[in-house]
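As you go down the protein sequences, you meet chains A and B in turn. According to my numbering, the first sequence is numbered sequentially starting from 33. According to my numbering, the second sequence is numbered sequentially starting from 33.
Mixed in with the good hints, there may be bad ones.
Said to hold, decoys possible - For the chain B half of the interface with chain A, some residues (derived, Cβ under 8 Å), not all of them:
1. I52
2. S53
3. V55
4. L78
5. V79
6. D82
7. I91
8. I92
In case anyone wonders, no lab produced these hints; they're calculated from the structure. A virtual CB, placed ideally from N, CA and C, is assigned to each residue, including glycine.
There are 2 protein chains.
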Amino acid sequence: QELRCQCIQTHSSFIPVKFISKVQLILEGASCSRKEIIVTLKSGKLVCLDPEAEWVKTIIKKILDRTSN
Amino acid sequence: QELRCQCIQTHSSFIPVKFISKVQLILEGASCSRKEIIVTLKSGKLVCLDPEAEWVKTIIKKILDRTSN
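Sequences and hints are given; from them, build the entire structure.
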């Protein structure tokens, strides 16, 4: 039983990019056998997202492809 | 002069996904006016990557699209 996966449940409803200040993408590894995505909202709140959900992949790719102003 | 950007310089040579344990994608915001990408290597070392470099976007998308086993 993995003791150090950080996400117990994931937030399922869409979160617009403008509410996000940081995205942590934690790969499968020794401490947890599944990939985890934790976003920090501008409110300071931490939210786990489902790494397999298409909308999650889409918003992260949008952040990546958005050129800094 | 921004005091709280975390990356002073970025690592320019390619890093294979297998060496990466975590990716932090920090959006432009109050504390820093540019997007920053910080990866934690399996060795524990922290490395800043250039958010505009194509290879960086490619490895992050690869991590996102890789289905957990």
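Verification of the supplied hints:
Interface restraint check for I52(B): the shortest CB-CB distance to chain A comes to about 6 Å, inside 8 Å, so the restraint holds. A hinted interface residue such as S53(B) counts as satisfied when its beta carbon comes closer than 8 Å to some beta carbon of chain A; here the least separation is about 5 Å, so the hint holds. Interface hint status for V55(B): upheld, as the beta-carbon distance to the closest one in chain A is roughly 4 Å, under 8 Å. The interface hint given for L78(B) is broken, as the beta carbon of that residue sits about 13 Å from the closest beta carbon of chain A, more than 8 Å.
For V79(B), the shortest C-beta to C-beta distance to chain A is roughly 14 Å, which exceeds 8 Å, and the interface hint is violated. Because the smallest distance between the Cβ of D82(B) and any Cβ of chain A comes to about 11 Å, over 8 Å, the interface hint for this residue is violated. Here the hint on I91(B) is broken, as its CB sits about 11 Å from the closest CB of chain A, past 8 Å. Taking 8 Å as the C-beta cut-off, the interface hint given for I92(B) holds, the closest approach to chain A being about 6 Å.
Going through the hint list in order, the structure does not satisfy hints 4, 5, 6 and 7.
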